[in-house]
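Number of protein chains: 2
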Amino acid sequence: MKGLRKITPYTPGAQPNHPEMIKLNTNENPYPPSPKVAEALRSFNVEQLKRYSSIDNHSLKKALGAKHNLSPDHFLIGNGSDEVLAFCFLAFFNSTDPLLFPDITYGFYKVWADLFKIPFKELPLNNDFKIDSADYIQLNGGIIIANPNAPTGLFKPLSEIESLLKENSEVIVIVDEAYIDFAERSAISLLNDYPNLIIIRTFSKSNSLAGLRVGYAIGNPEHIKIAESIKSSFNPYSVDMLAEALAIAAVEDGNYYQEISKKICKTRDWFSENITTFGFSTLVSKTNFVLLTHPDLNCEDLYHYLETQDVFVRYFSKIERLKNYLRISIGTQEEMEDVYQLLRDYVTNNHY
Amino acid sequence: MKGLRKITPYTPGAQPNHPEMIKLNTNENPYPPSPKVAEALRSFNVEQLKRYSSIDNHSLKKALGAKHNLSPDHFLIGNGSDEVLAFCFLAFFNSTDPLLFPDITYGFYKVWADLFKIPFKELPLNNDFKIDSADYIQLNGGIIIANPNAPTGLFKPLSEIESLLKENSEVIVIVDEAYIDFAERSAISLLNDYPNLIIIRTFSKSNSLAGLRVGYAIGNPEHIKIAESIKSSFNPYSVDMLAEALAIAAVEDGNYYQEISKKICKTRDWFSENITTFGFSTLVSKTNFVLLTHPDLNCEDLYHYLETQDVFVRYFSKIERLKNYLRISIGTQEEMEDVYQLLRDYVTNNHY
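Top line first, the protein sequences correspond to chains P and C.
Under numbering that gives the first Met the number 0, the first residue of the first sequence is numbered 0, with each subsequent residue one higher.
Under numbering that gives the first Met the number 0, the first residue of the second sequence is numbered 0, with each subsequent residue one higher.
A few of these clues could be false.
If chains are identical, the list can't say which one is meant, so a pair holds when it fits in one copy or spans any two.
[Said to hold, decoys possible] Here are the computed lysine-lysine pairs in the DSSO-like style, where the Cα-Cα straight-line distance is at most 27 Å: (1) K120 to K317; (2) K224 to K5; (3) K1 to K61; (4) K322 to K120; (5) K116 to K1; (6) K49 to K66; (7) K5 to K109; (8) K1 to K224; (9) K120 to K5; (10) K109 to K66; (11) K49 to K61; (12) K35 to K265; (13) K35 to K120.
If you're looking for bench data, these hints aren't it; they were derived computationally from the structure.
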């Protein structure tokens, strides 16, 4: 057979589904979507579905514009930030010079580069697992970093993002802010001064809508238009009617989401601090997960032990420098207290 | 700025939205989705949305497998048939020999070929607007045809599809069956004998779910796996939880959908026949639209006239051979009686 593509796909984390499990392996939000989202679902008239969904998602762009104080043409809406990122790779990374990104980051960047045959270089994080801006001063066809980064959880100060943008003014620099609501300042404030900046956001994490599939890019309208052309050439209606209606309801209930994000951050900081008493340490997370390690334990064993206790976390067997780390999403305070007890028990009773 | 993609996107039909309009321009279904779909929406627990949607859509594949009497691994599910087609283009059309498709067909085939830099040849329909199988016996890297074809509405007998498959056994032949539920026999019966066959289906037309974005491919499991790898490398969760739940409910209410498809076909045949009394003629449609023309009228003028009457149909200004044709989606019997009156009035009172 001629013409078949040979490809190694991205392998996502397992999606176990036990009634009693504590699921902390894909950075989902433990809290339900806003009551206003529930209300939007209840009041949705199913008959509308016979019509095509909006081709430009103007209503959602307007709601986002009001939230971020930008005009609607600063936004590209897509089926989750994964789709938005795929469109941006196709729109912006067409140079023969390599796309640059960290060696330890969202695993999908490499997969899109492979899929679209984009030349790329993975730049090692430094010894503290940080992105060293100096590394990104070299010939390149674009840059993508996640801030905060995953799975490290580390946040790069805006001043460093700004110097990246300044040093690379001739290429697009994508800052993937999937976890920004658990951190401090977004790079949005840099948009006016740096037309080469594209910011990516998602409703999957802080908005508790992973199952709804909505994400967006924010950028200079001229560049957004190019990404929009890619969307229109690939799958123009990808955000379905229900997804758009519910996402608008979410945007309009910022207060609810601020509250649950605060709760998650509080639990995260409580958890990170308290597990130090029995020898664990975490990188300083500004996300809804922590990357932890222990000097005397084998984290792969711990991963399997937790699984036997119906607690699912993420172990990156293929990343050499993370061989003794686990990434644990932050659940409810109650769930994290259970995990805290399990870890304490594991250490103090020498389960290993 | 380096690396920006230059591209001419697909331009979809306008989406007018007047309360009193008769919207017959995008081949949507005039009837609401099944009551079981409404019920699935009402009973959906919004809290689930905090979790990622299914990565393999196994439940929907199982439902489709039961419907079509095939195992679940014969199916690839995507965000509308547009996304499924895009994945299939990436998966199957990687030859340096040209992809073949008709010059008058779904306009998106050319757009994907351009987007993915796939060499292609558009083969003219014959004088009767039919796809001539003999034209497809030539060096190629794959074939895609729509059956029934759009915007002609013509159905190609299965025996001709079979000879296409036989003559092109070394490449993938995609048969896009978006409108098959308004026609007679699907090519599914050929799947066992022709592993090079991929069939595309959508929930947008006969299932009244254009706004929900669900489509699928049916094929040899070995080939489906390759398309699945592309999906996993692009946007693995593209079918959201609500879309999957509602699509399953639709599959399980085949009776309802058979009934409304029958109604639409009956209205289509009534309309096609009756407008001949004042000079219109249509190609023999096996879809939910008709392509009509009139020997004494300028169809572009008629298009604009209908617009002034709040009736929206499709005019293909860029396709030379369709300069005097209009594509009219079949609405409810009541709507088509109104259109019939308008057309009669237009002709008999010399509105042109």
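Hints and how they fare:
1. For the homomeric pair K120 and K317, the shortest alpha-carbon distance inside one copy (18 Å) is at most 27 Å, but the shortest distance between copies (44 Å) is not.
2. With identical chains, the CA atoms of K224 and K5 are at most 27 Å apart between copies only, with a shortest distance of 11 Å across copies and 32 Å within one.
3. For the homomeric pair K1 and K61, neither the shortest alpha-carbon distance inside one copy (46 Å) nor that between copies (30 Å) is at most 27 Å.
4. With identical chains, the CA atoms of K322 and K120 are at most 27 Å apart within one copy only, with a shortest distance of 22 Å there and 51 Å across copies.
5. In the homo-oligomer, the alpha carbons of K116 and K1 lie at most 27 Å apart both inside one protomer (19 Å) and across protomers (17 Å), since each shortest distance falls under that limit.
6. Taking the shortest Cα distances, K49 and K66 sit within 27 Å of each other only across copies (22 Å), while inside one copy they are farther apart (30 Å).
7. Proximity of K5 to K109 under the C-alpha cut-off of 27 Å is found in both arrangements, the shortest distances being 16 Å within a copy and 23 Å between copies.
8. Taking the shortest Cα distances, K1 and K224 sit within 27 Å of each other only across copies (16 Å), while inside one copy they are farther apart (35 Å).
9. Taking the closest pair of Cα atoms, K120 and K5 come within 27 Å of each other both inside a single copy (21 Å) and across two copies (24 Å).
10. In this assembly of identical chains, K109 and K66 lie within 27 Å of each other by CA distance neither inside one copy nor across copies; the values are 32 Å within and 38 Å between.
11. Taking the shortest Cα distances, K49 and K61 sit within 27 Å of each other both inside one copy (24 Å) and across copies (24 Å).
12. In this assembly of identical chains, K35 and K265 lie within 27 Å of each other by CA distance solely inside one copy; the values are 24 Å within and 43 Å between copies.
13. Neither within a single protomer nor between protomers do K35 and K120 lie at most 27 Å apart by alpha-carbon distance, with minima of 44 Å and 51 Å respectively.
Comparing the model with each earlier hint shows violations of hints 3, 10, 13; every other hint is respected.
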